[in-house]
Amino acid sequence: MDLSTEETSTRKKARASQTSEAVIVRFAGDSGDGMQLTGSLFTQDSALVGNDISTLPDFPAEIRAPQGTLAGVSGFQLNFSSRDIKTPGDAPDALVAMNPAALKVNVGDLVPGGLLIINSDAFGANSLKKAGYEHDPREDLTLSSYKVVSVPIGTMTLRAAHPTGLGQKDAARCKNMFALGLMLWVYDRTPDTTLRMIAEKFRRKPQIAEANKLALLAGYNYADTTEIVPSQVRVRKAALPKGKYRMITGDEATALGFIAAAKLANRPLVYGSYPITPASEILHELAKHKDFNVITFQAEDEISAIGAAIGAAFGGALGLTGTSGPGFALKSEALGLAVMTELPIVVINVQRGGPSTGLPTKTEQADLFQAVLGRNGECPVCVVAPATPSECFTMAIEAFRIATKHMVPVVYLSDAYLANGAEPWLIPNVDDLPRIQINFHTDPATFQPYRRDPRTLARPWAIPGVPGMEHRVGGLEKQDVTGEVCYDGQNHDTMVRLRAEKVARIADDIPPLRVSGDPEGGDLLVVGWGSTYGAIDQAVANVRRRGGNVSATHLRYLNPFPANLGEILGRFERILVPEINLGQLRTLLRAQFLVDAVGYNVMRCQPFSIREMEKKIKELL
Amino acid sequence: MAVSKETTRAETVQPFKYAKEDFSSGQVVRWCPGCGDYSILAQMQKALPNLCAKLKIPRENVVFISGIGCSSRFPYYMKTYGFHGIHGRAPTFATGLKIARPELQVWVMTGDGDGLSIGGNHLLHALRRNVDIKIVLFNNRIYGLTKGQYSPTSEFGKKTKSSPVGTVERPVHPVSIALAAEATFVARAIDRDTKHLQEILERAGEHKGSAFVEVFQNCNIFNDGAFDSFAELAVRKDKTLVLEHGKPLVFGKDRDKGIRFRGIKPEVVSLGKGGASEADLIVHNEKEELPTLAYMLAQMGEPDYPVPIGVFRAVERPTYDSLLHEQVKEARARPGAGDLQALLDAGDVWTVE
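As given, the protein sequences belong to chains A and B, one line each in that order.
So in numbering that gives the first Met the number 0, spot 498 of the first sequence is number 497, and the numbers just go up one at a time.
So in numbering that gives the first Met the number 0, spot 154 of the second sequence is number 153, and the numbers just go up one at a time.
The set of hints was computed from the structure by calculation and includes no laboratory data.
It is possible that part of the hints are untrue.
As the list claims (entries may be wrong) - Listing some non-contacts, in silico: residues in chain A with all C-beta distances to chain B over 12 Å:
| no. | residue |
| --- | --- |
| 1 | T163 |
| 2 | T360 |
| 3 | R570 |
Unchecked claim - Here are the simulated DSBU-like cross-link-like pairs (lysine-lysine), alpha carbons at most 35 Å apart as the crow flies:
| no. | chain 1 | residue 1 | chain 2 | residue 2 |
| --- | --- | --- | --- | --- |
| 4 | A | K287 | B | K207 |
| 5 | B | K328 | A | K200 |
| 6 | B | K53 | B | K78 |
Small disclaimer: the values here were computed from a predicted structure and weren't measured.
From the three backbone atoms N, C-alpha and C, an ideal C-beta is built for every residue, glycine too.
In isolation and in its complexed conformation, chain B is listed as follows (with noise of 0.2 Å):
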């Protein structure tokens, strides 16, 4: 295929040497001066020299993929091959490029709008199916590009133009469908945490399999603040859990704080005299299989809990692309495969002479 050729070529005379900047489209950036959406492209842009070296990809085989809404304009400012689809729908177009193109890194950008409600099922279907493309989640708790109104992440009783008594329903959290769905991976990270949203980003990068990150994004016009009471870095320390594998759940700009099991829900505990010491704690182990844990941690958050950020869920099954490339290339290694005569006068045939 020419096109395996050309990726031959790039691979010898390319050392996958990129900088942030070979990354950037030079496309004038239209989203509103302060938006979190600024921080998400730079830390991509950062995330993806350190990828492509490390998978070594050319930049060429990466592609950016998107719905509609704010988050989905992301894929004009990367200097990548990109494809901006119709709402809800960029799963589905990455799919099909991922299984008909297996070579390609794919990413996915998409929003609470975009990928939780009206495209709701597309991301369900592509995290348990677990196709190989990582899907970046803009969750600002909001419709920004319709101006306002309230979304499927919406706390309840939310007061916007389409709610200005407050809404009556109660939001759906990213990750705990994530987990629902057994997604491989499963992450969360802040917009303004810049370096852990980096290093989420090249997580996800890095995964085999469909890898989702929610990103806790502040729209500064239409949801200011929305994230503020734990996002904020005066109180990020006391309000966030950063999960790490393998090491208990501790929390607190001390490092002072603590979850532990009470009965079957997590209590936050003092550590240290008269409290809690860290063999009391839940260690974090995100190659688990099971998703219980995982589920219950996505579950916690304000008021009673520190809110977790980082990687809920990283396990390894293969991919759907991958398995369903090995049905093809054993078909195609039978003896007589691809033989379009034989197939054509395959059956009950008869000859007019």
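Here chain A stands alone, though its shape is the one from the complex (with noise of 0.2 Å):
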């Protein structure tokens, strides 16, 4: 629970008269229940009243597990606040466990004297071994320490469906709707947002739709009629800045993101990729927007989805890859000659639990090292990384902006915990957007293909079409300024370096590092990356209003870092590195500013809990 002590007793006061300042809920069940539906539709309930929000979704790679067993749990956990929050929180305080299995993976999360519902349909002898209990866990003292609230889901929703005609089998899908209704009324909400949002998305089949809502009225009637609690739990709304919101995951950020790139830049967006997980959705979504010039190519393999971008780029294009770790490896060696040729593309990593096919669905940090060091050479790229989903959006048009002016592959890091979780995001007026200046060389009389602008060391992007400047490149090493191939030790000397300042002076064209906190100095920094943002910020906020002397940064930059990286590290004592792998960053920061920096590396598969990271702040303290 992202909480400190005393917001929890304000909040625990605030309970009894029915308003609560955050509630973390969570959702779980068989991998075919459909939690994550019931999840986002809750999310948008709670977005729509106007509640700051922050989610998880948590699911197996399976696309349907063995059922009832525990690898089969599929989970989604919402934070909905009446302030600003930033994870989607540690520990939930309420639970749907659509059965034993979902109990077994998910309570002991749950605070003590949480509420807990259960699906006591579910608990049958078989489903119950399953799960590996050998006692029914809600005749003895397992569950003691929660709010228990049994209900026969299943049948009640076979009841309310039975109207529709519709087949067993079929009607029995509707239960997770029925959960929901729940719990929207345990939240003081009306079901007609969410009743508006079944018939939409039911619309081409219009009996399931009508058994859906049936189901979730049953709910929502069942928990009023019973007063499953004792009194409903209302969430106010939050305090947000002013304008215009939309609830928006990280890959639809991203996609939103690169068309706007294309429509800042006035290219086309060529889009090369091949499915994976967790980056598909970027593919689903962009290739619905071809009215914004944005052609989508789906690649027979990872290797033709980044030489697509790449021969997209040669002919003036924006040319854009989207992949996972996996995926990311088998794109090096083009990436590579991305490095060589100079042209401006950008490669985006969703990243994922690793090494190998590793964990496709889970969220890990562990693709740093790849991004920047992986491949053969001296092989210079940008690096960059959103630290919200919000970002991903303004993170994608710098992406851009950057590969274009400094003639330079970037790399754009992703995870999977921000790729799928959702958060309210203040939609930006286009007309306030940067726009991306491209100039094309189209003056033969100056033109060489290496000679390099003096002040980014760019070369000319110089396309085909373009009459008497007819060049080649490729990726045998060049001769500075004609580009001709050259194999002299001397020249390779010099165009090794090139490359390397090139991409270092992308320094100069970034935003200084800011520091959260005390920016003069002080004890501890704690210098985050990508998505831990989150976690960082609010356990760092928390530990100093207690007095602790921490202050926080974060870096959007990882290669080259903000110019005035190595001059904030200076300041503080110690330095405190929180990564989801084993200290990718912390090697880099310690290599480049010989600074003692210490690591906080867990690989659970979730991101950081603020809790546990007070508490490694504290033991530094």
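Using the hints, put the two chains back together into the complex; each one sits in its own frame.
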């Protein structure tokens, strides 16, 4: 739970008066039980009533894992709040468990005294056995510290859906909506928004839509009639900055950001991609928006996907490819070619647990080395990483701004947590977005393929179709300026240094790093990158409130680092680098700045918890 | 777009008249003296002036793309835009370029290792998609640039540095692969049969859609004479079969042999007195949609049959890039198309006052 002790006590008092500042709920069931949809609908409703939200979907890699087993449990956690929140929260205040396996996997996380809604129909001997329960946990002391509400969700759903004439199997599938109805009542919502969204989602299947609606209403009314909790809990509107909002996941924001980049650059976007979890949503989203001159190419493999992006960039389009860790590994050689030919492509890597196939649906940050270092030869690229789902939008635009201005490939590191997590997004005004200035070289008189801009060291972007500038580029070493193939040792030394210097100079073109806390320095600085932002920021704020001398800074640019990073690191006694890997950023910082940075490294397929982060910070103070 | 303006200018001032020299980059050609690649380069430089004039393409709209290997040095010697990629991946760069810039004429120069071993998958998919790119595969049945290992087209039992007692793997037939992928244009030529080679390159260049040309190319250093048994002038007319659309399969320097069916197999027959008549022979139809007969021809070769050269298949199908751009065009013609603010504002939006 992401609340300080003081806040918790306020909250407990508040709960008696039926309001709460923040609530964390988790829906858990079999991977076929529709928990992701249930969670999304509840999230949408929470957003529309004005709460701040943050979500954590957590599902198995298998589409339908063996039914009723622990491995097949799918969960969706939502933190909704009347104040600014940055994470889906540590421990749920309420848990819906659709079967014994879901109970077993999740109940340990539930806060003591938390609300536990159980689908009692799913607790037969067989299901208990599959979940590894020797006794029915409802009948011993296992659940004694929770407020248990046992509801025959399965039977009630069948009864509710009966008038639609839907077969038993299909009708039973509506039980997630019954559970959602219960929760909507508990949190003092109306079912209206959700009913509308059900109608929209199943608009081509009216019978199914009707059954789902009936199940939702049945759940809602059941909760109301039986008063399943003594008092409903209300979470007031959050005081978010003024403006228009929508809910957005990282993958959606990434796709919209790249569409915007193409529009702002007034160039077509060519997206080459091979389906891979958890990056496929980006392909799906981009494929819908051909009207923005977005061309999606579902390639035969990862290499072809980046090859197409490179070919498109050679032709003057914005070349983009997207993947996850294993696919990124396959793209390495081609990424080196983009470095050598100095073409502006962007490579998205939505990181997941590795190595190898690893854990396709789980989050991790272990591809930083791969992004910064993972190629043959001295092969520098620019690396950026958004910190929140919303930031995925702005960093996408930033990635192409850098790529096209500096004529360099940019790696954009997202991760499974950002990709699937949702939050309210303050929709930007298009007129306020930065334009991306593209200048093709069209004057043959001054053209040399590798004559560089003296400031950025970028080579000219000269594309086919322009007479008089026919030239060849490729993966062989280039002669400085002319770009002819050249095997001379001294020239190679010059070119290696030029390519490195070109990337290093991007540091002059990115915003300086900011410190939250004490910019002048202090005892401890927590340095993070990527999706760990929320947990770090919240934990540091909590410790500071209790007088701890700790500050935080978060890197969105991993190569090159912001120009003032070294200076900032020097102002603090100790440096803590929390990462969901074994210490990749820490190693880079130690190597570049000779700082004795300490790591906090956990790889449990989950985002950091605020509580554990606070504990680590306190250890070092 | 800045570039189309340039193209328009080019179209108005240029009559698309070029000479062979206009396509020579002037770079020192570094293939081994006597290599078959020189002939392919020369025939391409002769074919392009004709193609540019016929199709009204300015030189700056021609792009050569390659992977790795001896064949893949080709773009450096052409005075066109060129891209020398990485091993096996040329079709992927070409596809990306063609979908970004459909007005360009894009050629892929590849070899038996580049195109059929490390890059086999890309070749297959470029062909089945019918991307409008022209792929020329130099088949010398050996790895030259790495100094003489067997390739996927090397004959069974071939002794090379990496197979000192002979290979134990069967070769792949490039034309068969292209037909299996249902490429819309499939042809074969021989490096030293220069006039025919030029003709085939021009036909490939004119084709709308994926064109695949296998060129038997002699590597005089590591696999010299690989094709002599049928490609040498002295025996060529007797050992090769020149495919011509709508004509019976006749060959031989005296045009006295032909191919007819015996059951489901082709059979070589003598024509004339005591033999078969032309009416008995298979008539070549390159426009046949069903690739079955073309595949049968692709499987013919030594020692029982003459080696077919020429166009195996030339059918019309919409190209990948044109279909893709039709979808884009349609989407862009819709009311409200490309309205970024509307896209960002879409869905369930709420306002915080």
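Right, here's what the structure says about each hint:
For T163(A), the shortest C-beta to C-beta distance to chain B comes to about 26 Å, beyond the 12 Å cut-off, and the non-interface label holds. With a closest Cβ-Cβ approach of about 24 Å to chain B, T360(A) is found to remain outside the 12 Å limit, as its non-interface label requires. Taking the minimum C-beta to C-beta distance to chain B, about 37 Å, the non-interface status of R570(A) holds against the 12 Å cut. At most 35 Å may separate the alpha-carbon atoms for a hinted pair to count; K287(A) and K207(B) meet this at roughly 28 Å.
At most 35 Å may separate the alpha-carbon atoms for a hinted pair to count; K328(B) and K200(A) meet this at roughly 28 Å. For the hint linking K53(B) to K78(B), the alpha-carbon distance of about 19 Å falls within 35 Å, and the restraint holds.
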